[in-house]
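Enquirer: Given next are the chains, with one letter for each unit.
There are 2 protein chains.
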Amino acid sequence: MAPVPSDIEIARAAKKKPIADIGAALGISPEALVPYGHDKAKIGADFIGSLQGRPDGKLILVTAINPTPAGEGKTTTTVGLGDGLNRIGKKAVICVREPSLGPCFGVKGGAAGGGYAQVVPMEDINLHFTGDFHAITSAHNLLSAMIDNHVYWGNALDIDTRRITWRRVMDMNDRALRQTVTSLGGVSNGFARESGFDITVASEVMAILCLAQDLADLEKRLGDIVIGYRFDRSPVYARDIKADKAMAVLLKDAMQPNLVQTLENNPALVHGGPFANIAHGCNSVIATKTALKLGDYVVTEAGFGADLGAEKFFDIKCRKAGLKPDAAVIVATIRALKMNGGVKKDDLGTENVEALTRGCANLGRHIANVRKFGVPVVVAINHFISDTDAEVAAIKDYVSHHGAEAILCRHWAEGSAGIEELSYKVVELAESGAAAFKPIYPDDMPLMEKIEAVATKIYHAGEVTAEKPVRDQLKAWETAGYGHLPVCIAKTQYSFSTDPNLRGAPEGHVVHVREVRLSAGAGFIVAITGEIMTMPGLPSAPSAERIHLNADGLIEGLF
Amino acid sequence: MAPVPSDIEIARAAKKKPIADIGAALGISPEALVPYGHDKAKIGADFIGSLQGRPDGKLILVTAINPTPAGEGKTTTTVGLGDGLNRIGKKAVICVREPSLGPCFGVKGGAAGGGYAQVVPMEDINLHFTGDFHAITSAHNLLSAMIDNHVYWGNALDIDTRRITWRRVMDMNDRALRQTVTSLGGVSNGFARESGFDITVASEVMAILCLAQDLADLEKRLGDIVIGYRFDRSPVYARDIKADKAMAVLLKDAMQPNLVQTLENNPALVHGGPFANIAHGCNSVIATKTALKLGDYVVTEAGFGADLGAEKFFDIKCRKAGLKPDAAVIVATIRALKMNGGVKKDDLGTENVEALTRGCANLGRHIANVRKFGVPVVVAINHFISDTDAEVAAIKDYVSHHGAEAILCRHWAEGSAGIEELSYKVVELAESGAAAFKPIYPDDMPLMEKIEAVATKIYHAGEVTAEKPVRDQLKAWETAGYGHLPVCIAKTQYSFSTDPNLRGAPEGHVVHVREVRLSAGAGFIVAITGEIMTMPGLPSAPSAERIHLNADGLIEGLF
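From first to last, the protein sequence lines stand for chains Z and G. In terms of the working numbering, the first sequence opens at residue 1 and continues consecutively. In terms of the working numbering, the second sequence opens at residue 560 and continues consecutively.
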């Protein structure tokens, strides 16, 4: 077989159709599309409103085993499955997250799938795209400026500046901004105080945009944001600062989902991208719901492994948006399962059925977990050249012993032709009516018990610990009317436990809740279990040093 | 006469044509336009490149008397004159600056002309528009992050962190960010140092984008940026940080001019918007040059009054870009001239010919100054309801005694029908061949003498003073090869002098150069004469509190 060219080479060679043609195939008229160039468009709000009466298509979640440096290819499989479903005659729409601009200049490069399963235009999607993240940055920082401005002009709300929890954001990896002192330089610059910046994807505004049903809901949620506390400890809301309505104005266009296409000219909505630790890590509700009205099948993904991404997709996004997933695909690679079985990265090229079988415990746990939500499961083995027949047989055998099926997929190298079998299986599961979605805990459970439910049922922890101030804070929020909210656990993505080095399927570990935060606008309580980085740094030789325009004016160095 | 509705009401009632039609009227094919929605587009770089052989149209500068709180309407007149020229059969293209998002939420509201002389879509132009300013913010802050990252990873360039002059930017009025300490919080966040944020329009990247001829020139200028100094006092360039090429990638789309339309469906390029104090205050060179290839007439504006805006337009933009203006329009209002003559704002409704005549000294000085550049002049009296016949007669009389003509213009209330006379006069001046453009000082004059040339010839100062360190710095830059650069004087816009309260036409005042800065990428030396604010604050009741979406989803509160 000929070697597969690099992602950017493949993306650039794509025979893109005009975005109006992609829209037309979904029944969207040119007037209902807001074009951004000739290959990107937002779907107009009026058109989305007109879809209300239509029936919904089937909703398929693509999730994964715990990530390793070996790579799983979750976005690649999401895109590949969308192409595969279209190939076998289903009208399928892909829903993925927008990549963040900041990390492009660090280690990561781009994020729009890979090989022959990509969404295009890859360069635009990875850079400014349609400006959504810039709008979120502006809206977030307008609130920040108005808070300090309120204090400057007399602080009529009696805000305790030591307890302002609302920081600033920038879509950049910039460790120097993590912790700052602002308002230095004297009287005309305000009252000096400690603060800092997070990366834009960590903004609560991002989570809000991704969970809001429409513009009115967006505005209400923005008003609900708690920006800090008064000297009497009562919360101060964004609506007290009178920032919520102007923030909604800044986010008006960003609320509309972005339509692009795959390399095979199938439709993809790329919209929103909240962190999968302090937030829920899924694309926007409005994109998913719109896609469900437009397609027979919607294929979407959730961040990190199923313990974080799928759990939050089910317990936060689906619960709150009233979505009912019909099937789930768990992506695994033989390389990553071997790492879960103890093999070092440098030794992954060597066949090792024993380690693979050991690592399969991680996959088995995720299969069982997803089923606890009432959603039928199939495993996609994202094929690598180094995989041996014995290894493939071993994983298939393991999965079938756990009552599911594992299907080898070659979409990365072959596009939709390589993922037909999985596509048929997904259709079979979705059409079977086997799905009976239910969240893992009810709305009316006390907050600490919700954390315990996730930790014991999903993480298989033996115990959840927390200091008294954390428990008191949770009780105080229950008293304040936030007890019905779901919990969003910020945990390492590398393990079921809070120890990133504990691979496989650990049991009986202790989950310590170090801190809890209220995201009242987004509508969840964040429980933090370990160090969570909300502003990344750049490596010693950042990829920005290599990103450039070539002699033809094309972008090089994104990958 | 029926009262004129509010700007936003007029803008919303506009019968916009599809942007492809506006482009087609200029000979731009749909493929050469990059649409942003149905009423905005960028002009493709390849198309711009294809225009090189064509002859240039006539270039008309719209400038003004020193601004007062009474308002002059320079952008309004620029738009009105463009419509007027089209009305009398000339193919005219308007070139104005993009407004900054930040100030929209402060006092100012929008900035896209007014009354029946506006560019639309007004809301988009005032908010995110095509994302140019967001791209500039990202490019600027990528360099900032890479500087601190370089220091963090060992500081191989031996940068003296006390002498890093490159700050960060945000398109927001946020006084709390003026002066900060960054990299607090311990080892993993870097080395704590003092720094701060400017508003995006004050970024040198903005000035560079507006002066660059093309992408290659942009990239070179970005590399030329001096970000600070080593311990041995030698300069460190952006290219030493290896940030210049990735910055150019971020700015690739932002370099393309934005095409919109006036209320009368005439073409307008709205592109770039550097500060008019620490930078040159003009729209982009690439927009102006493109417009000159597409139209018989190009009407453009420069920031603040003619002492700052026109001087910099001539001495920086025209000199460096090889532009040769054919005529200039000086906008004055009777109200503003009365304020220059000593009348208080509350008394402007009362006829006062004596004060008006006294205030005309300000106008007379600007007429004489513009002529020093070899450019013929006409005065536009931007009509207000309160203007009396006697006052109009007095200003016409004053101007004719100074060898020019003052023409009453009613474009604000009547659109192009109200500005026909001025349009014919502008054509007469431009076709007369009277223009013989020359800058006010030669390239090879020492830097201090250049400052003195502007101060004495344009400001009518008696003396320029500067401490020895400032003079030594200028000499050092001459030695380092920057002696050929033009000077960009940062001075109050309210007076010919450095005292904002000294209206009219002061003479013999002292101009004290407090500080000089090198903008090596933009290609000028900034001479600062007084307090210059590069990060505005918000007022006690910012307009953000009133900006909102109405029940129909339309934006209210921008004006």
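The set of hints was computed from the structure by calculation and includes no laboratory data. Hints may be right or wrong, so weigh each one.
What the hints assert, rightly or not - List time: in silico DSSO-like cross-link candidates among lysine-lysine, alpha-carbon distance up to 27 Å:
id, chain 1, residue 1, chain 2, residue 2
1, Z, 468, Z, 324
2, Z, 252, G, 903
3, Z, 15, G, 811
4, Z, 17, G, 811
5, Z, 293, Z, 475
6, Z, 220, Z, 320
7, Z, 17, G, 997
8, G, 811, Z, 252
9, G, 779, G, 903
10, Z, 91, Z, 17
11, G, 931, G, 955
12, Z, 16, G, 649
13, G, 955, G, 904
14, Z, 372, Z, 320
15, G, 903, G, 852
16, G, 1034, G, 779
17, G, 1016, G, 997
18, G, 931, G, 903
19, Z, 324, Z, 220
20, G, 1027, G, 997
21, Z, 242, Z, 252
22, G, 576, Z, 252
23, Z, 252, G, 574
24, Z, 324, Z, 90
Enquirer: Each hint: holds or not?
Expert: Verification of the hints:
In summary, the hint linking residue 468/Z to residue 324/Z is not supported, as the alpha carbons are separated by about 37 Å, beyond the 27 Å threshold. For the given pair, residue 252/Z sits about 42 Å from residue 903/G by alpha-carbon distance, which is inconsistent with the 27 Å threshold. The hinted pair formed by residue 15/Z and residue 811/G meets the criterion: a straight-line CA distance of about 22 Å does not exceed 27 Å. A C-alpha spacing of about 23 Å is found between residue 17/Z and residue 811/G, which places the hinted pair at or below 27 Å, so the restraint holds.
For the hint pairing residue 293/Z with residue 475/Z, the CA-to-CA distance comes to about 40 Å; that exceeds 27 Å, so the pair is violated. For the hint pairing residue 220/Z with residue 320/Z, the CA-to-CA distance comes to about 15 Å; that is within 27 Å, so the pair holds. Under the criterion of a C-alpha separation no larger than 27 Å, the hint pairing residue 17/Z with residue 997/G is inconsistent with the structure, at around 51 Å. As the CA atoms of residue 811/G and residue 252/Z are separated by approximately 25 Å, the hinted pair is consistent with the 27 Å bound.
Restraint check: the Cα-Cα separation between residue 779/G and residue 903/G comes to about 49 Å, which exceeds 27 Å; the hinted pair is violated. Among the hinted pairs, residue 91/Z with residue 17/Z is consistent with the structure: their alpha-carbon atoms are about 17 Å apart, no more than 27 Å. Distance check on the hinted pair: residue 931/G and residue 955/G sit about 22 Å apart at the alpha-carbon level, within 27 Å; holds. Our distance criterion of 27 Å between C-alpha atoms is broken by residue 16/Z and residue 649/G, whose separation comes to about 40 Å.
Straight-line distance between C-alpha atoms of residue 955/G and residue 904/G comes to about 23 Å, which keeps the hinted pair within the 27 Å bound. Annotation: proposed proximity of residue 372/Z to residue 320/Z holds, straight-line Cα distance about 18 Å (limit 27 Å). Taking the CA atoms of residue 903/G and residue 852/G, the gap is near 45 Å; set against the 27 Å cutoff, the hint is violated. Note on residue 1034/G and residue 779/G: the hinted pairing holds, with a Cα-Cα distance of about 25 Å set against a maximum of 27 Å.
Restraint check for residue 1016/G and residue 997/G: the C-alpha separation of about 14 Å stays at or below 27 Å, so the hint holds. Under the criterion of a C-alpha separation no larger than 27 Å, the hint pairing residue 931/G with residue 903/G is inconsistent with the structure, at around 32 Å. A threshold of 27 Å between alpha carbons decides the hint, and for residue 324/Z with residue 220/Z the separation of about 25 Å falls inside it, so the pair holds. Under the criterion of a C-alpha separation no larger than 27 Å, the hint pairing residue 1027/G with residue 997/G is inconsistent with the structure, at around 31 Å.
For the given pair, residue 242/Z sits about 17 Å from residue 252/Z by alpha-carbon distance, which is consistent with the 27 Å threshold. Between the alpha carbons of residue 576/G and residue 252/Z the distance comes to roughly 23 Å, so the proposed pair stays at or under 27 Å and holds. About 22 Å separates the Cα atoms of residue 252/Z and residue 574/G, which keeps this hinted pair within 27 Å; it holds. Among the hinted pairs, residue 324/Z with residue 90/Z is consistent with the structure: their alpha-carbon atoms are about 19 Å apart, no more than 27 Å.
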